[in-house]
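Chains as they are written, first to last, in my numbering: chain P, 1 to 514; chain Y, 1001 to 1333.
Please note: incorrect hints may appear among the correct ones.
[Unchecked claim] Mimicking SDA-like on lysine to any residue, the simulated pairs with C-alpha atoms at most 20 Å apart in a straight line are:
1) Y:Lys-1258 <-> Y:Tyr-1188
2) Y:Lys-1200 <-> P:Glu-31
3) P:Lys-13 <-> Y:Glu-1096
4) Y:Lys-1054 <-> P:Lys-13
5) Y:Lys-1117 <-> Y:Tyr-1188
[Stated by the list, open to error] Here are some of the chain P residues that sit facing chain Y, going by a computed Cβ distance under 10 Å:
6) Gln-65
7) Ile-75
8) Phe-79
9) Asn-83
10) Gly-119
11) Asn-157
12) Asp-438
13) Lys-441
14) Lys-446
15) Glu-485
[Unchecked claim] Listed next, the stretches of chain P that the computed footprint assigns to chain Y, with coverage defined by at least 3 CB atoms under 8 Å from CB atoms of chain Y:
16) 6 to 16
17) 127 to 138
18) 209 to 222
These are computed hints drawn from the structure, not numbers from a lab.
We put the beta carbon where it would ideally sit given N, CA and C, even for glycine.
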Amino acid sequence: MASKNKKLNLKDKYQYLTRDMAWEPTYEKHEDIYPDESFEGIKILNWDQWEDPFRLTMDTYWKYQAEKEKKLYAIFDAFAQNNGQQNITDARYVNALKLFLSGISPVEYAAYQGYARVGRQFSGAGARVACQMQAIDELRHAQTQQHAMSHYNKHFNGLHDASYQHDRVWFLSVPKSFFDDARSAGPFEFLTAISFSFEYVLTNLLFVPFMSGAAYNGDMATVTFGFSAQSDEARHMTLGLEVIKFILEQHEDNVPIIQKWVDKWFWRGFRLLSLVGMMMDYMLPNKVMSWAEAWEMYYEQSGGALFKDLERYGIRPPKYQDVANAAKNHSSHQTWATFYQYSQATNFHTWMPQEDEMAWLSEKYPETFDKYYRDRFEHWDKEQKKGNRFYNNTLPQLCQVCQIPNIMTEKDDPTVFSHRQVKHEGERYHFCSDGCCDIFKNEPEKYIQAWLPVHQIYQGNCGGADVATVVEKYYHIVPGVDNMEYLGSPDHQRWLDIKGLKPLSTSRQKKTAA
Amino acid sequence: MSVEIKTTSVEPIRNTYSAIARRFGDKPATRYQEASFDLAATTNFHYRPLWDPKRTLNDPTRTALRMEDWYAVTDPRQFFYGAYVGNRAKMQEAAESSFAFCDKRNLLTRLPEETQKQLLRLLVPFRHVALGANMNNSKIAGDSTATTVSQMHMFAATDHLGMGQYLSRIALLLDGSTGTALDESKTYWMDDELWQPLRKLVEGILVVDDWFEITLVQNVLLDGLMYPLVYDRMDAWFGEQGAEDISMLTEFQRDWYKESLRWTNAMIKTVVAESGRNREQVQSWVKNWEPMVYEALKPIAQATTGLDALDELRAELSVRLKKAGLESTGVQA
């Protein structure tokens, strides 16, 4: 079959191997096959203009990914065989893994489900295929994270029931509601939320800090996962940028819709990152950089350049980014202070920073740490040494949107809590900020549905009326073993044993499986 | 003499995650277990989906079937992501060397013009069916609730994409990588009467909402008749036309289909055995769809292997369904 035509270039060849397998249906209506594509109001004039963000055929994908998996699992095996958990900087570090496995791994799984769905919803086959590849990548991440941390779970407490806790524990409703929000939205908002805001704008502030934290703290299993996932993440970021540019280029009516989503998902992402900021500043024994430095580098500089680039589409930087920028010097301290007080209800340990760590915080936060936070922390430390470790036994009020307790302060006055409220159909709703309040006002019928953990406890939907019962029975958290103060905890004791500060044989742990 | 390296041993405080221990006891778990059980969220969802406000996220009622525990459906291949890509990487290595061999020796372009045209008309258009299968399985991966079920469909989705790409590459071998053969082949899919019943069926499956109905029709009924027809019977028929080399380029599909029977059979068996209600529902879907699948493939069989081949395969499918406690009507063989 001699051909007159020229050999296909790579781009066209990839199109023949993906979107050309699709066809315009004639036996069923287009909108019956793709019923979810139009209700958000996004106008796509021509899916042919979709630029494939990467060109991986399945055979190449299988080959590359299998090579990566083989190397990764060789390291996992070596790590377990050599008890690599003994080589970390300090057992306090493992608490960052508890936060990761219960807060992040389940949303990797939710991302898998979300991408599998949008991998069917779009009528543009090029976009579908790119989404499906991200779906199976996210499944990979959720699963390899179970395996990376499996060995830690055998030697430390608090990692044992992460997915179960993700559905129930009060602060885990912050990441869960974030992904529920994205997955319950339409396909275009899902991609704006996860591919663009989460993967493209914020990955360096979420995924990367955990992996760098692993590298700085001798966690070979997790950091090897991080390296192995890096090329996946690069693909996801490319998809995120293509998504936003494609939608914006398709029709000018899309611009205000996208702007609204950019505002919303930036703010939701920023609030979610409070957990990462606290991890970076307080939970890593060997610190990578301060949260404020990370925010400056990865949001203010990189994000600034990105939004400059998007200006030509009529997109401005996210609303309230000035509030977020100002909060970089406060949010990690306020968040850690909260988790310290409510440590009886978390799945990880908390502690007060040691003296050298306090000095590091003073140096990294010259304007704020000594002025607003040091005294409180020193007071708590002193009380603890006297045997009065502080736990707060009230339940905090949660923001109706981001679900973080109303602990954040006003932009211009860090001594005043930021609190907004709105009346909707006779009910009063509370918010942590103007950002969250705006999100509510744009879609009240969505956010009144929120499953707010504190409300649910008070309504008796969490297995008991008092916090202790809820924590033990409903959360599957073993009090004092999985959580509360680190000093003197079984994890701490065990670590001292490992480091030979006490002979292992004389103080071998009792089994504490839940 | 044996070499003995002294290592320090540390007693673990538990052997696996609690969710795995609740199912299998606190003993060392397999990687398949830790990767596949109880990862998906099950409760306390915050918002109803805008695209399906009557149900929650991860709602088990996205199929009419009911299972006490969907994790009862497991994968006999024990595929989690790593095991899956490892397996497919080996399969693609074999396929790659076959394609390279055919390309180097010009095995396809040396075929008579008429045979080449037959390949474009009768084999390559199945790439479009593969894309439909890809879409359906991606939907199921998003809609089904247990990871053990969901991941098998995600793997099937990417498998079908890959197999559609292998079929496309047959046309690219024929047209010297210009795309003209693919263009020609697509016109058969769109306009040739031979293909219209199958295209109508494929479009018809794309508007089904119940994910288990889709997996039954797509992965059991359609694949169950189509794969042995195309890659076994028609493969032999192409051989008779002098195109036996094409077998090399479809080996992946043959291996794949044999392997896919393991999980599809296990899934159907478990789900049907769960309750009389499930059995009745699945039975009514079989009754509705099996004759449609048969009719859709009929013109292709008639143009190639003859109808007897399809009837034999239909009887084999009937035996297979019977093992799961299902009857298929209209068996002519």
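Hints and how they fare:
no.: 1; hint: Y:Lys-1258 <-> Y:Tyr-1188; in the structure: violated (28 Å)
no.: 2; hint: Y:Lys-1200 <-> P:Glu-31; in the structure: holds (16 Å)
no.: 3; hint: P:Lys-13 <-> Y:Glu-1096; in the structure: holds (17 Å)
no.: 4; hint: Y:Lys-1054 <-> P:Lys-13; in the structure: violated (42 Å)
no.: 5; hint: Y:Lys-1117 <-> Y:Tyr-1188; in the structure: holds (11 Å)
no.: 6; hint: Gln-65; in the structure: holds (4 Å)
no.: 7; hint: Ile-75; in the structure: violated (13 Å)
no.: 8; hint: Phe-79; in the structure: violated (13 Å)
no.: 9; hint: Asn-83; in the structure: holds (5 Å)
no.: 10; hint: Gly-119; in the structure: holds (4 Å)
no.: 11; hint: Asn-157; in the structure: holds (7 Å)
no.: 12; hint: Asp-438; in the structure: violated (17 Å)
no.: 13; hint: Lys-441; in the structure: violated (16 Å)
no.: 14; hint: Lys-446; in the structure: holds (5 Å)
no.: 15; hint: Glu-485; in the structure: violated (19 Å)
no.: 16; hint: 6 to 16; in the structure: holds (count 6)
no.: 17; hint: 127 to 138; in the structure: holds (count 6)
no.: 18; hint: 209 to 222; in the structure: violated (count 0)
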